[in-house]
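**Q** Each chain, letter by letter, is given below.
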Amino acid sequence: MEAFICVGGILLVLVLIIFFYLLNTARKRVNQTNTLGKKQLLPVYVSLADKPTSIIQGMNKFRTDVNKTEKAGDKWRWIPMLIFLAGVGLMLIDGVIILLGYFSFIFTVGGVGLWIAAIVMARGLRKSDSFDFSTRYNGTRDLFFTLRDDLKPGSTYLGHLDLTGSLLPTKVARSANDAQGRTTEYFRDEWLALKAKLYDGSILRVSGIQKSKKRKSYWKRSRISGKMKSKPEKFKGTEHGLKVRIVPNPEVYKIAKTSAEFKQGLNIGKFTVSQLTAEGGMISFVASSPFEDVEHENVLQVLKSAYSLLQRKAA
Amino acid sequence: MSRKVIPFIVAFVLICLVMAVSGFITFTGLTKAEKFGSEVAWSQSYFGAESMKVINLMGDDQDELFIQSTDNVTIFDGSGNILFSQNYDRPKTTLGDVNRDNREDVVVFYIGDSGFAVDVIDNGIVSTLAFSLDFTGDPSRVAVMRFASGPQIVLGDTVGVLRSLSPGGQELWNQRIGGAEFRGMDDALIGGQIHLAVATYNGSIAVIAQSGQVVWEASQEQTRRMRAFDLNADGNSEVITGGEFGALIVYSAVDGSVIHNESIGQAVSEVRVVELNGDPGAREFVVGGKDGGVWAYAFPNGSVNRLWSGSMSDKVTEISGIDINDDGKEEAVIGDEAGKVSVFTETGGRNNLDDHSTGITRIDVGRLNGEKYVVIADGSQVEVHKVNFTSLPGFQYTPLIVGLILSAVILIIAAILASIPQRPELKVSFQDKSRESLEAERRMLKESIADVERLRKSGEVTGDAYLARLKRLRGDLAENETAFKTAGFPIKVETIQCPNCGGTLELGMDKCEYCGQVLLS
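Chains as they are written, first to last, in this note's numbering: chain R, 77 to 391; chain A, -16 to 504.
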């Protein structure tokens, strides 16, 4: 009897796992979070070396393709659940036959076969699922769209848009141990690198850098119980940096020494200008933001303000 | 191969597999929806039946139910009315035509007022054949042997003494085997001639000729059951014995040579011949164990093969071969000490009949009042059952139906999965192929590489992050060079690929920065 209850219990748990797996497939619950509780986003890497229109169109097309794949799977999402229920129906036929006093297992075997088929189909449908696009994807596309008319005709945007994630092991810039031996990792994610030759002959280089800090999980002995306990990893914060270099066309501009609209310590939108040099024929500055996400309007605002350091030479 | 074709190929393979398995199960007859049931026609109180047989014993051309307990012999008619009943002291009975009237008589070996005696009951009339016989133990076994020279009544007691009487009651011969209770007494054929096979509890097995001479004798572990059958109809019987400790031994009745010897792991409580496969050229036999084990054996080509095994809830007390569903094959109806009765089919499938409140002692089948009945005796009563068999018509084709359903679902799934477009690669490259653009990209990549080097020197980026970034930029540089070559523009190649890890390196490097491979050649 105990063996029957044990085996029955295990089978029931298995059936429930399959049922909820298929139910979640049907209800499209794929909003997964990473170990730090942050929402998983689509890990896209875009290499840029093309004209603005081509890039914008390409980015739109890519987004449409991803959505198309997802939507193609969406209309079939309930089918695995229906197949599962059909399997239950087949098994019930065996139940009825057994209630009538006969012995039959063939419909149960068929039902299990249908369940396996349902799981295979659900996996196939889930493969077509994708995470949401990062807001940076659309923001960067809008940035490209806004700057498109400022580019030198025929020239291209160069660089990359890296949205694969800011806390990847390959983005650990350095790590440090504290007095207790706990390791803190410092991440440097240059998610945007953009170089463009502008209409006025100037060169613009923009880097969007997100710096994050995370303490790795570690083992600690409890002061009360004396047991070793594992402490989970902890996200310690993030900040955003915008590193910009503008090399103005010396035939058109001269660089002003000061500007009320753009100076060190000035707050522009979500950014604060933290470093500024305007020597050697190049404006180089770093604008920092304590926010994890900065909108493309803030970036454009900073760039526009930086241009106030340029004074057009008399013709 | 097209992405849309692959799901259909996989589906086709799976469908072939499913249909092959379905076809195999269907056409080998592995699935049947059959059930056996029974209704009690009549029952009579009867305690402790030891022997029971449906047979014509009276002069009415109708079969009666003969039954014997430890102190009584009774004959019921087909409706359960008592035709004959007489009490005896420790009787043992057998059925045989002693007086050659072509009707079986009941032979009773018992302890009478004047010692050991033998009665013959013919058509309900009792006549004493012999009395004051010289036995020291209690009656143990009695058999009517149809020897070539004429019938003999062979009597055995609980201390191993055998005495043979003529139909007139004169002693023909006597013999002493083993020295313990007889656990089996059967007729065994040697060259078509009937001989007597006996086995005693202490493990002595013997085959005796009609003259009383021992043809051969053997000994084994303590014997609980012995039966002799001509399993392959060659005119020579096989003697099957079951031991107290699980030994199942099959001897040749001719010379006592061992044909088969195995241990079934529990004491053998019953052995019976059951014609399971309907082939009259070879008989099958079923063995029951003290712990409820049930085994079926066949005897093809002179060797014993196990067909299947099953189990009952308790000690198997009786096995009977009955063709319940009139298909020419007998089912094994098996009773156990817990009162359960089950029907085992040719393939070993078990179907339970109604339970009894006390242990099953005897089961037999026969025609009573022209109807086929199964008679089951338990510890307190004898029940006459009308056993029925029902099956769902066409059920054997259900595997094909299930296979078709499964195949249809597989095909639908394949069609759906093939209709979903492939998810685009998540690494996208937008690249203008003009020379100016490629050169600008090249410059940008070199600037980026220089930036990473600067960051490393300033300590902002160290270790794996530096290498990972550098690897990606160098990879992009290699792609840029490829784009140059593809477009037919001259380019000075500045990258090489590590032969070990495939990472892109700057031309002239002597060691791979990613995997440590030495590149000097």
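Keep in mind that the hints were calculated from the coordinates and are not lab data.
Here the structure is a predicted model, which is why all the values come from computation and not from measurement.
Among the clues, some could well be false.
[Said to hold, decoys possible] Partial selection, computed: residues in chain R whose CB lies under 7 Å from chain A: (1) CYS82; (2) VAL122; (3) GLY149; (4) LEU175.
From the three backbone atoms N, C-alpha and C, an ideal C-beta is built for every residue, glycine too.
**Q** Closer than 7 Å between Cβ atoms is the bar; does VAL122 of chain R clear it against chain A? Give me holds or violated.
**A** holds, 5 Å
**Q** So, GLY149 of chain R near chain A? Judge it on the closest CB pair being under 7 Å.
**A** Holds: closest Cβ of chain A sits about 5 Å from GLY149 of chain R, inside 7 Å.
**Q** Verify the interface restraint on CYS82 of chain R: the C-beta must sit less than 7 Å from at least one C-beta of chain A.
**A** violated, 21 Å
**Q** Mind checking the CB of LEU175 of chain R against every CB in chain A and telling me if the closest is under 7 Å?
**A** LEU175 of chain R check fails; min Cβ-Cβ to chain A is 12 Å, beyond 7 Å.
Consistency note: the structure conflicts with the earlier hints numbered 1 and 4.
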